[in-house]
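Visitor: Here is what each chain is made of, one letter per residue.
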Amino acid sequence: AVEPFRDPKVELEQYPTGPHIAAVLVTEAAGRGDIEDKTVLDLGCGGGVLGIAAALLGAGAVLGLDVDADALELARENVEAQEEAEGTALPVDLLLCDVAGVGRGEWAGELRADTVLMNPPFGTRRRGADMEFVAAALRVCRGAVYSLHKSSTRAHVLKAAEKAGAARAEVVAQLRYDIPASYAFHRQKSKDIEVDLIRLEAGG
Amino acid sequence: GGGASLARAGAMRLLTHNMLACNIKGVQNGYPLKIEAGEVVTKEADFNPDFLRHIYPKLQWAALRAGAASMGEPDTLPAEVTEEMLGDEEFLQRFHHVLLELHLETGGLVCPETGRRFPVEKGIPNLLLNEDET
Numbered sequence: 003a004v005e006p007f008r009d010p011k012v013e014l015e016q017y018p019t020g021p022h023i024a025a026v027l028v029t030e031a032a033g034r035g036d037i038e039d040k041t042v043l044d045l046g047c048g049g050g051v052l053g054i055a056a057a058l059l060g061a062g063a064v065l066g067l068d069v070d071a072d073a074l075e076l077a078r079e080n081v082e083a084q085e086e087a088e089g090t091a092l093p094v095d096l097l098l099c100d101v102a103g104v105g106r107g108e109w110a111g112e113l114r115a116d117t118v119l120m121n122p123p124f125g126t127r128r129r130g131a132d133m134e135f136v137a138a139a140l141r142v143c144r145g146a147v148y149s150l151h152k153s154s155t156r157a158h159v160l161k162a163a164e165k166a167g168a169a170r171a172e173v174v175a176q177l178r179y180d181i182p183a184s185y186a187f188h189r190q191k192s193k194d195i196e197v198d199l200i201r202l203e204a205g206g
Numbered sequence: 004g005g006g007a008s009l010a011r012a013g014a015m016r017l018l019t020h021n022m023l024a025c026n027i028k029g030v031q032n033g034y035p036l037k038i039e040a041g042e043v044v045t046k047e048a049d050f051n052p053d054f055l056r057h058i059y060p061k062l063q064w065a066a067l068r069a070g071a072a073s074m075g076e077p078d079t080l081p082a083e084v085t086e087e088m089l090g091d092e093e094f095l096q097r098f099h100h101v102l103l104e105l106h107l108e109t110g111g112l113v114c115p116e117t118g119r120r121f122p123v124e125k126g127i128p129n130l131l132l133n134e135d136e137t
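For the record, the sequence lines run as chains A and B. For reference, each letter of the first sequence is one residue, going 3 to 206 in our numbering. For reference, each letter of the second sequence is one residue, going 4 to 137 in our numbering.
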């Protein structure tokens, strides 16, 4: 089991990616040949749930990026725990950096991955955060991006993805995301949000 | 199998280093980052020749060799790689070891143009920029 955030930061919209959603996302990607022997980027990895799942399903190399050092510390512990459980090393590296700056370089050897997996902020705290992640994902991705977005934003996300350079954008599955009360301002015990698993194909 | 490894998880390997550069605004020659190696740990990883052949064309080979030298590795990789080598198990094992089994736990990554040092602690490079650098 992967540990959720200990002390979530509301401005980063840190909600753990539950095991069911993570399983659906990574299984879809694996079924389409986007995981095995591929380089995988977990953008905004938080506790590393998606990246770890990708590693367990045979990714050649996984890189987890996050802007929060506390989240990465947790991710590291989670990777270690999985490695102990599996009795083998997992090919997961971690990077502390801002997604906004990722993939903007012009040099040969710039950060690229075959596949990007992400559960980005929904953009409820910092407007446009979700599309910032989509733009970053398309900059670094050579193949396919798998991303979770509120179903209520579907039309907006698909359109903006294509504007950001996606050659193809489609909803692969619709899921219920059960977000447990994790902040003091949450009045309900938990809230179900309908989310789309969206698959984008990088352009050119 | 995995064996008794004392390395922490998630430490920077040379595959990752091969893709990192200095993102400071205005920097033209921020790649590759020079490695200042503090603690380097070797950790066994599953040998996957298909993945190695898949990733090879995407690597900056000179940066990989320079990185290996900075991590204290003996010079086991050739300056040029041929098609034949990519089918040779002995070469692939050496390539595998350098690319995927050397972990930088502590140290720094230094911009070749500005000298800005990005610290690596607990295996995680900190590439966050200051406000005046973006």
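Certain hints may be false.
[Said to hold, decoys possible] Restraint ranges, calculated between C-beta atoms of paired labels, are given here:
#1 Ala-110/A / Asn-129/B: 23 to 33 Å
#2 Lys-28/B / Gly-33/A: 20 to 30 Å
#3 Thr-85/B / Arg-178/A: 50 to 60 Å
Don't read these hints as lab results, they were simulated from the structure. Glycine included, every Cβ here is placed at the ideal spot set by N, Cα and C.
Visitor: If a hint holds in the structure, say so; if it does not, say that too.
Guide: Structure-based check of all given hints:
Here the CB-CB span from Ala-110/A to Asn-129/B is close to 24 Å, well matched to the stated 23 to 33 Å. For the pair Lys-28/B and Gly-33/A, the beta carbons lie near 41 Å from each other, so the given range of 20 to 30 Å is not met. At about 53 Å, the beta-carbon gap between Thr-85/B and Arg-178/A stays in the expected band of 50 to 60 Å.
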